[in-house]
Every structure is written in C-alpha cells, then in structure tokens.
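Enquirer: Chain residues, written in single-letter form:
Protein chains: 4
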Amino acid sequence: MEIEKISTYLANFAKQRNWDQFHTPKNLSMALSVEVAELVEIFQWLTEEQSVQIIHDEKEMALIKEEIADILIYLIRLADKLEIDLEQAVVEKISLNEKKYPKELSKDNAIKYNKR
Amino acid sequence: MEIEKISTYLANFAKQRNWDQFHTPKNLSMALSVEVAELVEIFQWLTEEQSVQIIHDEKEMALIKEEIADILIYLIRLADKLEIDLEQAVVEKISLNEKKYPKELSKDNAIKYNKR
Amino acid sequence: MEIEKISTYLANFAKQRNWDQFHTPKNLSMALSVEVAELVEIFQWLTEEQSVQIIHDEKEMALIKEEIADILIYLIRLADKLEIDLEQAVVEKISLNEKKYPKELSKDNAIKYNKR
Amino acid sequence: MEIEKISTYLANFAKQRNWDQFHTPKNLSMALSVEVAELVEIFQWLTEEQSVQIIHDEKEMALIKEEIADILIYLIRLADKLEIDLEQAVVEKISLNEKKYPKELSKDNAIKYNKR
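Residue numbers (this note's numbering), protein chains in the order written: chain F, 1 to 116; chain Y, 117 to 232; chain A, 233 to 348; chain L, 349 to 464.
Think of the hints as simulated: they come from the structure by calculation, not from any bench. For glycine and all other residues, C-beta sits at the position ideal for the given N, C-alpha and C. One or more hints might be untrue.
Pulled a few chain Y residues facing chain L out of the computed Cβ check, cut under 10 Å [as the list claims (entries may be wrong)]:
1. TRP135
2. PHE138
3. MET146
4. VAL150
5. GLU151
6. ALA153
7. GLU154
8. GLU157
9. GLN160
Between the sequences and the hints, there should be enough to build the whole structure, so can you do that?
Expert: Structure (structure tokens):
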C-alpha cells in the first residue's frame, strides 16, 4: 500500500471514531514522541552490538516492527493534517543535506559540518 | 520518489561518508527521538488551536516540513538496517488497530479500549 | 531526604544489582527520555485545561507522581555519574536565564529573546 | 539552594514574565521532553565508552551541565504546578523499586523483574 492510500485510510479510521478532535498538530507531535520512546525503551540497556544483533531475535523484532509502524502512522497523520507531502519533503531535505554534509568533510564524522 | 528508492539513496549517502559505524539501531532510535523533539519544540508553547492555524504560517511550515522529513529519513534508515518493510509493517499494524480500537467502543475516546 | 542522600542511596541500589555496567551517560540519557515520554503519554490527548484539572484526579496524580519520581531518579543518577552538582547547576542556569530572558522583553513571550 | 527555594524562585521568574499562561502540565511535559532530547543529542553518536569519557571534556561538560539544569528546572516547575513534593515522591518510588527489583533476581539484569 502506498503512503497516500494509508493516509486516506487513517483519516477515515479517525473520522469513524470521532478522533479528529484529538488529532491537532500539537497532540500528534506528542503522540509521535511517545511512540519513539517505546522504541528507545527496547534499546536503552543494550550495547550497540546487541542492538545490531536484535535482528535475529524474532520476538523482539515483532515488537520493533509494531513500534516503527506506530511512528509512521502518526507521522502520516500529522503530514495529512498539515497538508505536507511526505515523500516530497524527504526529497527536498535530502537535497539540503547534500550541501550540509559535503562528502569529504563529513567523512567519519556524523556531526553537522557547520557545527564544528 | 518511493520509500524503497529513498532507502537505497540514504544507504548510499551514509556509505560515502563512512557513517554506517554510527547507524546502529540503538543510535538511530536516539536520533529519531531528537528529531521528534525538534518538532515538539515548535508546538510546545502553542495552544492546540494555534497549532492547527500554523498551516497558514509559511515560515513555520517550511521548518516543520524539514523536521518531518528528518524523522522519516531516520525511520527509513532504521527500517533498512533492521530489514523491516515499512509499508507492510503499517498495513499489519492497521489490522491490529482495527481490533484494539473497535469503532463503537472507541467513539470520542482516544485511549486504548483495553486500558479502560 | 536531600538530593545528596538520595544520590548515595541510588548508587548503592545500582551497585547491589551490578547495574553500573548499564548506567553509562549515553544509556541514562535514553532512560530519561523514556521516563519523560511516560509522563507525556498521560497528557497527550488532554486539553491544556484538562491537564490543569488533573490535580483533582487522585488516581492519575498517583501515576504522575511515580513518573516524575522516575525522571528525577535517573537525573540524579546521571548527575552522579558525571560528577555534576545538580543544585549548583540549576543556580548557575538560573543566572544565565536572567540574561537570556530579560523581564520586559520576555513579557507574554515564552520564546527565547535571542531567537526572535 | 534547596529545591523548595528554587521552586519559589522559578514561580516568581515565570510570574514576572506572565509565563504562567504557558506553564500548564501538558506544555511543561512537552518542554521537559525537548530538554531531555537536547541531552540525548550530545550522546547519540558517541559509543558508551565515549559517553563515560566525556567527563574529561570541559567544553562538553559545560553544555551537559546546562541541559541537566534545564531538565531539573522544568521538573521543579511541573511539580510545583501539580503540588507534588519532589523529594517525597522519590522516597516513595524508591520504596516501590525495592520490591519491583529484588536484589538477587535483578542481578546483572536491568529489565523489570515482572516483565521477564
């Protein structure tokens, strides 16, 4: 299913439950942060290496998949409410990032070039 | 551009900068939470109504669009690292949500039915 | 009990459980963000007015009290690990804030003066 | 300075700037999450070991100290608004944690005993 179709489905899902009253951008940003924290919770006491190896743990992966889906669901809902085209937004941001993190200057360095 | 193409592009972007060493699931979950907080920061002192009206503020909307793109970018990166199909994950979660929030019982109530 | 005594108690609590291996500053910052999200979750679908009135809801208040305690517990743990004196840090920050938010310029405006 | 005195000072600081209109529990929980994210940002690309060694980096430590102070400031503000005694809340939570994480069962395991 494409993002556009998911977006329409979610709008309908909310409408049928009278949830639009709750889905203000302010509240959706809070819901997003809560869902991301449920993902962070899975990784908080793991070493980085354990977080890489989690891919082999079927039970944990099922949970992670649900949390990641929840994040995308709220992100799609928020983008819909603010009439933002998600994929176009990413394409534009990617183009900005090409300038912000020039290949050679950013080698082995994840911090924004301008910050250094 | 579709998610799959964006995912390939981002993997290449990271590879060219030797950033895969930083992109463990643990670190990407942290980066996700930081990006979401930059979105929350925009809304924190606004009333809900002001957050709805922000759609008419071109300058703020440009900023929001960037933050939302950043969130999706890290989400795509994380899904790629964990070999999760984002759209399929959402479709499966939607089906779970149909059961978790039955239409009639969830009317006007955003809290999970089971929690009440 | 004062913060210093709580800090010593928590250090001992962690030591008895061999938890110091988990309590790196990186991990404690993640744990902090997870605890704060559990607080945000309580308020996410409430109106601001409902969030003010929650003080009269004994059951919710018991929950909020626990979440707030969890946040302070991890904050004290992190400060201990980084040898930061929490109260002194606040006193110094307050002094910075006096300059950052001059009384007259900040009237009715919660955004940092410099940002405007 | 003790927490109680800081709390009174902060209440006065907000009153002089007409900020009480912004300081609802909902908004303060958002502000808390934003401040914690600024702390997480410092650690997101560091290894756990680098996060431990950061204590020797004076410049980074000054920044961390400010972020930690901001978190405590908003936590004190929120507790004040909800008439919660922060230190008492921690003492009560500590007593709950003694039961939730029995010494022997929790050895080397940071996950809540009940969850396993």
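Enquirer: Which of the numbered hints are not met once you compare them with the structure shown?
Expert: none
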